[in-house]
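A.B. asks: What follows is the residue order along each chain.
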Amino acid sequence: MLKSETIGKYLMKPFNIYLIGVGGQGIGLLSEILLRAADYAGHRVKAVDTHGLAQRGGVVVSHLRLGDRVFSPLVQGGEADLVIALERYEALRGLKVAARDGGALVYYDTVWQPLDVRLNRAAEIQAADIHRVCAARGIKDYVVFHPALEDTRMQNTAVLSTIHKNELIPEIQEKHYKNAMEDLLQGSALKQNLKLFEGNG
Amino acid sequence: MKHMGTMLMREGPFEEIVMGNTALVRAMIEAGTRVVTSYPGSPTPEIATAIRSIPRGDRPFYFEFSTNEKVATEVAFGAAINGHLSTVFFKSVGLNVASDTFVQLSYMNILGGMVVVLGDDPGANSSQNEQDNRHFAHMSYTPVLEPSNPLEVYLFYKEAASLARRYHMPIILRLTTHVCHAKEKVAFSAFTPLQPDDTPRFNVVGGPQIPLTEEALGKKREALRKLEEVGRTANESNLNQLVDNRNRRRGIITMGLPYLSLMDVLEKVSEKPDILKLGFVHPVPRKIVEAFVKSHDEVKILEELDDILEKDVKSLAYDAGLKTRILGKTDPETWIGEYTADKVQDVLNDTWPDMLGARHPAAVLPEVVLARPPQMCPGCGHRSAFHAIKKALSGQDITVADIGCHTLGYLPPYEMGQVMMCMGASPGIGSGLSLFNTSRKVVVFMGDSTFFHAGLPGILNAVFNQHPITLILMENGTTAMTGHQDHAAVGENFNGPTDKVPVRKVLEGLGVKHIYEVDTYQQSRLTERVETAVNNPEFSVVIARHPCMLKFTREARRKPGYQAKQVHIDQKLCNQTHTCVAAFGCPTFTRHTDGKVTINPDLCIGDGSCLQTCPTRAIEKPG
Ligand SMILES: Cc1ncc(C[n+]2csc(CCOP(=O)(O)OP(=O)(O)O)c2C)c(N)n1
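Residue numbers (the working numbering), protein chains in the order written: chain Y, 14 to 214; chain V, 3 to 625.
FYI, nobody ran anything at the bench for these hints, they're computed from the structure.
Predicted model, so just to flag it, every value in this text is computed and none were measured.
The beta carbon of each residue, even a glycine, is placed where N, CA and C say it ideally should be.
Careful: at least some of the hints might be erroneous.
Derived pair list, reagent style DSBU-like, types lysine-lysine, alpha-carbon separation capped at 30 angstroms [to be verified]:
| # | chain 1 | residue 1 | chain 2 | residue 2 |
| --- | --- | --- | --- | --- |
| 1 | V | Lys561 | Y | Lys204 |
| 2 | V | Lys187 | Y | Lys178 |
| 3 | Y | Lys208 | V | Lys561 |
| 4 | V | Lys270 | Y | Lys109 |
| 5 | Y | Lys208 | V | Lys270 |
| 6 | Y | Lys191 | V | Lys187 |
| 7 | V | Lys392 | V | Lys561 |
| 8 | V | Lys313 | V | Lys325 |
| 9 | Y | Lys204 | V | Lys567 |
Some chain Y residues judged to face chain V by a derived CB distance under 8 angstroms, without partners named [stated by the list, open to error]:
| # | residue |
| --- | --- |
| 10 | Gly36 |
| 11 | Leu42 |
| 12 | Leu48 |
| 13 | Gly55 |
| 14 | Lys59 |
| 15 | Leu66 |
| 16 | Arg69 |
| 17 | Val72 |
| 18 | Arg82 |
| 19 | Pro86 |
| 20 | Thr123 |
| 21 | Trp125 |
| 22 | Leu132 |
| 23 | Ala136 |
| 24 | His144 |
| 25 | Val146 |
With the hints as extra help, turn the sequences into a complete structure.
C.D. replies: Written out as structure tokens, the structure reads:
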């Protein structure tokens, strides 16, 4: 986690967030909430999401970069301070392609089996495998799992709650996340998601 | 945040976080654009999403998805010669389809002006190649402006529109995938709605616009004159930018997203090179470029894809007798892929090894992560179709794919579709494969949007020249891969209801004699139909129909009283043949280490297309 010397109106050093998931998991909404929350918190922010072919069950990513001196919206390999994954395999992929040693990983521990596992050409990885990789690289891992969620699309909000509770993004506070959610959700969806967000993330 | 459509129409100035594609629509509104056309293709469909957010009655311009990019270009051109500022947008390879029309544009006197927005795709994120459309700009004498971020998309479009209007010519606004999709806060200007002039101002006072014989040469002369004039304007334009780091030894000329990547990479460098960032990339602003080259010992051309700018710069440096070392592309890798910061770091490290050093090794870690190629969605009718069609064919037969969601059938476990090129190509390719070939049946696939887009000539050719192949028309009632845009068989266009043009009627009209129709969920029936069709010695078509289930499920979820349903596996009946998970291959099926199969509750939509695939009937209907 970033320490207080970076606190000020703007971060001096860029803070890079790399979101990764499978097409169909709704990563776009989560990245949009983070983007708007970062803006409410006074950060300058750039972002980019995957659109197109990969949205059909392939790997989808969103990049978010906070800070004064950020140019491209794309996070460089090995430079993500925070990797957010919506699936176990994608957590491993995020660690491999984006995570910085000493950074953080939050992931929702569901599995959407890749083709090779379904065809019995490869074995399934476990949460312990991910923990091992994180431990070796000084990356703090946060595992999120809610067996009782009514709607799978709310897994994103459970992840968001963990990010907030552990203050994983500098300067973004509860009210900023909530403002962003209010911008993007309405009616009962907003209510349910706010409840989950405030709950035991 | 306000509703997108309301925001886009605001009259006062405002700031908002937007995608490049959204910023473009605000620019169209402010510029007074009257007609916009397109055919969907990544990275551009979100431009239409933004347009759709403005209620039709409030939309200050006419928009349509045309049947293909060529027609879209023609509609925009036709509107523009009546005096309306128009714009056409499409993806990189769309320009191949539009090219017959496009290359003529600069020959014409385009009264209202016309902006051609291209979504190029370095890195081939969602395309069958990563072609560099600046080649087309050179070939057709058309100027190109290239922004690097959403703010510039907005500003550069307005500049393109004003040039197009002033010179009555086409101007290209060249975007790339991560410029279209980048999001950032943009400060927009005020917008004053003007009463539009609907007068059809087309006239033939200067003679008819028919570029034939000598007229064609005269029009080419005029195109070249305008190009030169724009080139002079480019020298004065503040769309080009100099980053003066007081480095007289090293300079870099670049543009677009590579510029942003470069700026990121240079954050780690103490002795930064000077940078000339071009906004006008064709024609190059000669004066500015010459002065920049002259004032440095070495100049690197940092250019994504092909060496177009490099050749321009080298030739003008030669003409000016400059001694500067101009460093361009080296090995083929520098021609390939998107110029992300990682790529730029590698390229610069080859050019000036002392400046940066190699990349941090953390980027290349040893863990193996299983590939996850895109795949058909749960319930997809194409999956049922492939599962059934495979049973009707022998391993020797040849299958030709086309563009669309069904292309994904080439992957295991289906492996249907062994060659693919571009939209509408499958019947032609299949016809060629059938020549001299009496032993291997030829089956070609095509989606319904593609059918209308570029499929018809190849089908007609198979009828006309009697090629004995079978076309399987994968009709899902939408242009699925690009985000569910309507096509001619749907009964709906962008602006409202319209008459349906059923594919069957079109096929009959083209003279196809053998047409079979079946819903793809009826798998054994489909297998039979395909067997019949491929054994028919004449050209035949099987219409394999099922609505796109992604679209269907999304729409169903929005209706009140929607109940999610899922199938269930009776573990007592399951004897682990694994047909569901390994042959039918719906991503919903999860295989456990002990061989047990379960349903992934995140994925199953309860469509039940899998029930018939289980030899022991262990998959139960959604309850
Ligand atoms: C010339 C051209 N224009 C646009 C595209 C973008 N594109 C990729 S897939 C696709 C959808 C085709 O729709 P359809 O044929 O109905 O197949 P579906 O995806 O619905 O299965 C399009 C338009 C392209 N690849 N080439």
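A.B. asks: Run every hint past the structure and note whether it holds.
C.D. replies: Okay, the hints, checked on the actual structure:
Under the criterion of a C-alpha separation no larger than 30 angstroms, the hint pairing V/Lys561 with Y/Lys204 is consistent with the structure, at around 19 angstroms. For the proposed pair V/Lys187 and Y/Lys178, the alpha carbon gap of about 27 angstroms is at most 30 angstroms, so the pair holds. Between Y/Lys208 and V/Lys561 the alpha-carbon distance is near 23 angstroms, which keeps this suggested pair within the 30 angstroms criterion. A C-alpha spacing of about 23 angstroms is found between V/Lys270 and Y/Lys109, which places the hinted pair at or below 30 angstroms, so the restraint holds.
For a cut-off of 30 angstroms, the pair hint linking Y/Lys208 to V/Lys270 is broken: about 43 angstroms separates their Cα positions. Taking the CA atoms of Y/Lys191 and V/Lys187, the gap is about 20 angstroms. The hint holds against a cut of 30 angstroms. Restraint check: the Cα-Cα separation between V/Lys392 and V/Lys561 comes to about 36 angstroms, which exceeds 30 angstroms; the hinted pair is violated. Straight-line distance between C-alpha atoms of V/Lys313 and V/Lys325 comes to about 16 angstroms, which keeps the hinted pair within the 30 angstroms bound.
For the proposed pair Y/Lys204 and V/Lys567, the alpha carbon gap of about 24 angstroms is at most 30 angstroms, so the pair holds. Annotation: interface hint on Y/Gly36 holds; nearest CB of chain V at approximately 7 angstroms, less than 8 angstroms. Using the Cβ-Cβ criterion of 8 angstroms, the hint placing Y/Leu42 at the interface with chain V is not satisfied: the shortest such distance is roughly 13 angstroms. A cut of 8 angstroms between beta carbons decides the hint on Y/Leu48: the least distance to chain V is about 6 angstroms, and the hint holds.
The beta carbon of Y/Gly55 comes no nearer than 12 angstroms to any beta carbon in chain V, farther than 8 angstroms, and the hint placing it at the interface is violated. Interface restraint check for Y/Lys59: the shortest CB-CB distance to chain V comes to about 5 angstroms, inside 8 angstroms, so the restraint holds. Using the Cβ-Cβ criterion of 8 angstroms, the hint placing Y/Leu66 at the interface with chain V is satisfied: the shortest such distance is roughly 4 angstroms. At about 4 angstroms, the closest approach between the beta carbon of Y/Arg69 and any beta carbon in chain V falls short of 8 angstroms, and the interface hint on this residue holds.
A cut of 8 angstroms between beta carbons decides the hint on Y/Val72: the least distance to chain V is about 5 angstroms, and the hint holds. For Y/Arg82, the interface hint holds, the least distance from its beta-carbon to any beta-carbon of chain V being 6 angstroms, beneath 8 angstroms. With 8 angstroms as the threshold, the beta carbon of Y/Pro86 comes within range of chain V, its nearest partner Cβ sitting at about 5 angstroms, so the hint holds. The beta carbon of Y/Thr123 comes within 6 angstroms of a beta carbon in chain V, closer than 8 angstroms, and the hint placing it at the interface holds.
The beta carbon of Y/Trp125 is positioned within 8 angstroms of a beta carbon in chain V (closest approach about 7 angstroms), and the interface hint is therefore held. The interface hint given for Y/Leu132 is met, as the beta carbon of that residue sits about 5 angstroms from the closest beta carbon of chain V, less than 8 angstroms. Proximity of Y/Ala136 to chain V holds as hinted, the smallest CB-CB distance being about 7 angstroms (cut-off 8 angstroms). The interface hint given for Y/His144 is violated, since its Cβ lies 13 angstroms from the closest Cβ of chain V, which is over the 8 angstroms cut-off.
Interface hint at Y/Val146: satisfied, since its Cβ lies 6 angstroms from the closest Cβ of chain V, which is below the 8 angstroms cut-off.
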